[in-house]
Structures are given as C-alpha cells and as structure tokens.
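Peer 1: Residue numbers (this note's numbering), protein chains in the order written: chain G, 133 to 460; chain L, 304 to 553.
What the hints contain is simulated information worked out from the structure, not anything from laboratory work. Careful: at least some of the hints might be erroneous.
If you want the footprint, here are the derived chain L segments under chain G, 3+ residues with CB under 8 Å [unchecked claim]:
id: 1; region: 317 to 326
id: 2; region: 404 to 414
id: 3; region: 458 to 472
Lysine-lysine pairs mimicking DSSO-like chemistry, simulated, CA-CA at most 30 Å apart [unchecked claim]:
id: 4; chain 1: L; residue 1: Lys439; chain 2: L; residue 2: Lys371
id: 5; chain 1: L; residue 1: Lys366; chain 2: L; residue 2: Lys384
id: 6; chain 1: L; residue 1: Lys439; chain 2: G; residue 2: Lys242
id: 7; chain 1: L; residue 1: Lys371; chain 2: L; residue 2: Lys498
id: 8; chain 1: G; residue 1: Lys242; chain 2: L; residue 2: Lys361
id: 9; chain 1: L; residue 1: Lys384; chain 2: L; residue 2: Lys452
id: 10; chain 1: L; residue 1: Lys384; chain 2: L; residue 2: Lys498
id: 11; chain 1: L; residue 1: Lys384; chain 2: L; residue 2: Lys361
id: 12; chain 1: G; residue 1: Lys243; chain 2: L; residue 2: Lys419
id: 13; chain 1: G; residue 1: Lys139; chain 2: L; residue 2: Lys366
id: 14; chain 1: L; residue 1: Lys452; chain 2: G; residue 2: Lys242
id: 15; chain 1: G; residue 1: Lys139; chain 2: L; residue 2: Lys419
id: 16; chain 1: G; residue 1: Lys242; chain 2: L; residue 2: Lys419
id: 17; chain 1: L; residue 1: Lys498; chain 2: G; residue 2: Lys243
id: 18; chain 1: L; residue 1: Lys439; chain 2: L; residue 2: Lys491
id: 19; chain 1: L; residue 1: Lys366; chain 2: G; residue 2: Lys243
id: 20; chain 1: G; residue 1: Lys243; chain 2: L; residue 2: Lys361
id: 21; chain 1: L; residue 1: Lys452; chain 2: L; residue 2: Lys419
id: 22; chain 1: G; residue 1: Lys242; chain 2: L; residue 2: Lys384
id: 23; chain 1: G; residue 1: Lys243; chain 2: L; residue 2: Lys452
All residues carry an ideal CB built from backbone N, CA and C; glycine is no exception.
Single-letter residue listing:
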Amino acid sequence: MKRAILKIIRHPMPWVFLFFLILPYLLPLVGGYTYLGVEVLIWSIFALGFNILLGYTGLPSFGHGAFFGIGAFVLGIVQLRLIQGMWIPILAGTLAGAFFGAIVGLFLAKKRGIYFALLTIAFSQMFWFIAWGWDRMTGGEDGLAGINRLPLGIPGLFRLEMENLLHFYYFVYFLFILCTLLIWVIVHSPFGRTLQAIRYNEVRAGSIGYDIALYKWLSFTLSCAFSGLAGSLYALLRNAAFSDVMHWTQSGNVIMMVLLGGGLTNFFGPILGSGAFIVLRDLLSTHTEHWLPIYGLLFMFVIVFIPEGILSLFKKEGPSRESLVSGR
Amino acid sequence: MGPRVEIIETRSLTKRFGGLVAVDQVDLTIQESRLTSIIGPNGAGKTTLFNLLSGLMKPDEGKIFFRKIDITGHPSHQMVKQGIGRSFQLLNLFGELTLFENIRLAVQAERGHGLKMLSFIDSLGDVNDRSFEVIKAIGLEGKEDIPAKNLSYGDRRILDIGIALASHPRLLLLDEPTSGLASRETGKMTEFIQKLTQDMTLVVIEHDMSIVLSISDHIAVLHQGRVIAEGTPEEIQQNEEVQEAYLGGL
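Assemble the whole structure, with the sequences as input and the hints as a guide.
Peer 2: Okay, structure coming up:
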C-alpha cells in the first residue's frame, strides 16, 4: 500500500494534473490570464495526440493543422445549424477529425519518410483551400462567428455557465485529463509498443508479422481524432472558426511544441512544449513588436543544443529506449 | 527420413532490378524437415531469393507455393502467419530495445495481441512467459535487459534468429548465420542450427563450404540467378559444373 502510494507520487502524471488544477490562480501572478491557460490545455491535447504519430510511430506529419481546423469547423457547423449544445458538436468535431484522418491515412499508410511528409502537406493545403473557398459552409474569409459556449450540467441538479472562462477552463481541464490518461494507456499498450517497433525498424516489424500499413493508418487516424477534439475546443474558446486554424503554420506549431518539450523522448514533452510555446509567445509579443525573430532564434537554440527537447535534460520517460525496458 | 513432402516450391520465379535479372526462372523444391543449403558466389541472387520467399519483395514472374498453397506476392507479415520465418544477413534488430523486448514483440505478433490498445503491456502474461522460453531456448537468459545494440556480435546473430523463432515458423530461412563470427562462435552457431532441424525445415545461405557440407541434407547451387545444380553434398562435390562455377576445385 505504502509502496503503491510512493509509486503514484513519484510519477509525473499527478503533478501535471495538480499543476493545471491550480494554474488559473497562478497565471495572474506572472501576468497571465485564464484564456492563456485554456489555450495551453487545448494545444496540449492536440500535441499529445499528435505525438502518437510523430514520437511513437516516427511519422512526420506536416499537415495536422487541417484536422485541427476540421474539428473547429465541424463543431461550428453542427452547433450553428443542427444541434444547439456542447457535447454533440464536440463529439462531431472529434469524429470528423478521425473520419477525414482515416481517409487521408489510406493514402499515407504505405508511405514513409519524405513522401509521407510531402503528402501530408498536400492534403492539408487541399483542406485549407476548401475551407477558404466554401463560403456557404465555412463562411470563407469571414469564418464562422457566433459559436457559443453553452451552459453544461444536469437539468435540475446543477448548471455551469461556460461563458465564464474559468468554468470553461475546468471543463477543458477535465477533457485534458481524460485524453492524457487515454493516450498514456494507448502508448503503453501492446499496440503502442508495436508502433514503437515500427519506428525503430519497420522492415523487421513487418517480418515478425505486423501489418505495417494497418498500424500506420490506425496511428494516423487516432492522432487526427485528438486533433479534431482540440480544434473543436479551440473554436469554442474563440467563439468562432476561421480558416486560419487550418493554415499550415498550425501544423508547424504543433510540431514545434512536441519537439520543444521533448516529445520524442518523453511522454509529457508535448505538454511542456505547448505551455512554453504559448506562454513565451504571449510574453514576447507584449514586450516587443519584433517578437517573431526572437522566437525563431529561441527555437533554433533548442534544436541545435537540446535536440531532444527540454524534458530530455531531465528524466526520460516516453518513446525512449529507457522506457522500453522489459515488459516484466 | 520419412516420405518426401515438399514444404515450399517455386515455379519460374523471376526478379529483375532494371536490366539485371537477380533471380532467373528458378524452379526450386524444398523438402520438409530437411536442411537445404543454398550456395553460390556473391551476386548469385541468394538473398533476393530469400526476399521473395519471405515476402519482402514481389516477384516479376513465377509462383511460390507453400504447402501447396499459392502465396505469390503476399506481404511479409502474411508470410510469417503462414509459417515462414527468416533471419537477416545484415543484422536486423530493434537495436534500441532490450533483448527481451525484441523477442516479446515477435511473440506478441504471433499471438495476435498487437492491436490491443486499452490494456497495459504487463498484462500479457502468456506473452512474457513464452518470451522467456524463447530466450532460454536460444541460450541468452540473463541478458534480457540489455539493449540489443549493446550485445556482443555473436549474441546479436543468435537474437536475430531468436526473433524469427519466436513466431513459430515451420520453415526458417537463415541468411548467412555464421557471417562475421569468430571460429568458436561459428561452432556454437552450427550446433544451434543442427538442433533447430529437429523442429522445423531450414533453408540456409552459407559461404563456408565445410559448414555447408557438414550440416546439409540437400544443396542447391545458384549462379547468376539460376539454379545450376541440386543434390546431396556428395553429388554437389562431384558436379563438374559446380566445380567450375563456384567451388574452384575444392
């Protein structure tokens, strides 16, 4: 019993959850605000899911912004035109991410390396053009405005106003915990190990009986589901969906977050990366108009001097060799 | 030796790389529970033949039958399910992963657990037990936690075969299992291979003629992509064409 408790408190997971539990009260101390906290949580969900593909399966997608955007637009379209609500539009955005991911994944499953990367860019540009051009559905240049954070609760029991940003923060926090636990289980499952085997040696993984294309496709589709969920939440946060959420720079951002935090060697890297990325951007942009070059230089510094990301400076726990000790 | 049953048969099997015909109209029949060696000079097409038999490459022409079933063009993961395992000439391991994990992944594939997403790896007790069995069978117990890339060269060669064994092959293709081994390790490997013949059919690509002659029931000689001779070790030693093409007056 005592050992079990020790094991839990030595694990980073409860500390991460605790940190985000009190974050809204810490943010004002450093000049931040709740909105920023919600952004970090949403991008953490996006980046953790994306890392199933990039870190664990070793597949570089430069187009996940598209599925993030699809989540945002589908949430908006469903909420504005079909069903007033929260859960169903969010679910629809998530499933739409997975669905379009599954279709695109069919074209990608047998590709690797640069061909894989280029195709992801091509597909994401295609989706972006559709979002940009399909005025009647997506609002085109103007985007979809008027997305609402509707109250949540159980009728007769309790009711939480989501327009209150702090309430919305804890709603996203709740989903963040669910996603983190789910992704943790997935990457530590037999399936997750197989993905890592593919990352390390695709040919041999095939030669011991794994259908590589099937696993790549599943990994891609799963990661797109989390992109879709994150995109839905982002649309709720901004009360709108604009085609810029699908822009290729979003795809780049999520890659930077994973690399910056150390997602290639640590499960929690994407969370740290999202936090650092968003908070830094905010701090720099309030101090100077010329924050982008400084931002860029910082990234170059990380890539050159700590190529495995910030968390690699500490303990390794994730898709690394250390975590892959025997299954006993 | 009981009645001869063929386990694998190729008909006019052909593989080209641009203008080069690496495997040229090969008709080869491998008998069950025997050890067949494939010999031939470098570039004779031996490894390409293995790549075709194990599904790593698709043939341009011809057919492959495994236990009378047409398996031509099946991908490698299906070939394993059929019962065809292979080792690699250039070691092909999960170098970053531990020895245990290398074997465990193969056992997990064989047991069909690979798609389980919502259970932890430790919960697969049968997979772990079987993995330890395999490790014991290949004589590498006690080294389970060492990353494969840190094992000695000889151990890595054994592990490469162990990974193939973990998926319970009926037919095991060994691509130069003794290549690069010191003489003491070569002796150990030869013993190991002979022990394997009790449980499965083996096809071995080997350059060392003294080993080939001592372990083989049957030998096929490949030269420029074609089978130029087949027979018992004695027959091959006496074959003049083979002498000329390959053995160089052994």
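Peer 1: Now look at each hint and say whether the structure bears it out.
Peer 2: Each hint tested on the structure:
1. Residue count for the region 317 to 326 of chain L with a Cβ under 8 Å from a Cβ of chain G: 0. That is fewer than the three needed, and the coverage hint is violated.
2. Counting residues of the region 404 to 414 of chain L whose CB lies closer than 8 Å to any CB of chain G gives 7, which reaches the minimum of 3, so the coverage claim holds.
3. Residues of the region 458 to 472 of chain L with a Cβ under 8 Å from some Cβ of chain G number 4, which satisfies the need for three, so the listed coverage holds.
4. At most 30 Å may separate the alpha-carbon atoms for a hinted pair to count; Lys439 (chain L) and Lys371 (chain L) exceed this at roughly 34 Å.
5. The straight-line distance between the Cα atoms of Lys366 (chain L) and Lys384 (chain L) is roughly 19 Å, inside the 30 Å bound, and the hint therefore holds.
6. With a C-alpha separation of about 36 Å, the suggested pairing of Lys439 (chain L) with Lys242 (chain G) is violated against the 30 Å cut-off.
7. The hinted pair formed by Lys371 (chain L) and Lys498 (chain L) meets the criterion: a straight-line CA distance of about 27 Å does not exceed 30 Å.
8. Our distance criterion of 30 Å between C-alpha atoms is met by Lys242 (chain G) and Lys361 (chain L), whose separation comes to about 15 Å.
9. Distance check on the hinted pair: Lys384 (chain L) and Lys452 (chain L) sit about 27 Å apart at the alpha-carbon level, within 30 Å; holds.
10. Distance check on the hinted pair: Lys384 (chain L) and Lys498 (chain L) sit about 23 Å apart at the alpha-carbon level, within 30 Å; holds.
11. Annotation: proposed proximity of Lys384 (chain L) to Lys361 (chain L) holds, straight-line Cα distance about 17 Å (limit 30 Å).
12. At roughly 24 Å between alpha-carbon atoms, Lys243 (chain G) and Lys419 (chain L) fall within 30 Å of each other, so this suggested pair holds.
13. Among the hinted pairs, Lys139 (chain G) with Lys366 (chain L) is inconsistent with the structure: their alpha-carbon atoms are about 57 Å apart, more than 30 Å.
14. Straight-line distance between C-alpha atoms of Lys452 (chain L) and Lys242 (chain G) comes to about 27 Å, which keeps the hinted pair within the 30 Å bound.
15. The suggested pairing of Lys139 (chain G) with Lys419 (chain L) holds, with an alpha-carbon distance near 25 Å, which does not exceed 30 Å.
16. Between Lys242 (chain G) and Lys419 (chain L) the CA atoms are separated by roughly 22 Å; this keeps the pair inside 30 Å, and the hint holds.
17. For the proposed pair Lys498 (chain L) and Lys243 (chain G), the alpha carbon gap of about 40 Å is over 30 Å, so the pair is violated.
18. Distance hint between Lys439 (chain L) and Lys491 (chain L) is fulfilled; the C-alpha atoms sit about 15 Å from each other, no more than 30 Å.
19. For the hint pairing Lys366 (chain L) with Lys243 (chain G), the CA-to-CA distance comes to about 27 Å; that is within 30 Å, so the pair holds.
20. Taking the CA atoms of Lys243 (chain G) and Lys361 (chain L), the gap is near 17 Å; set against the 30 Å cutoff, the hint holds.
21. For the hint linking Lys452 (chain L) to Lys419 (chain L), the alpha-carbon distance of about 28 Å falls within 30 Å, and the restraint holds.
22. In summary, the hint linking Lys242 (chain G) to Lys384 (chain L) is supported, as the alpha carbons are separated by about 20 Å, within the 30 Å threshold.
23. Between Lys243 (chain G) and Lys452 (chain L) the CA atoms are separated by roughly 27 Å; this keeps the pair inside 30 Å, and the hint holds.
Violated hints, in rising order: 1, 4, 6, 13 and 17; the structure is consistent with all others.
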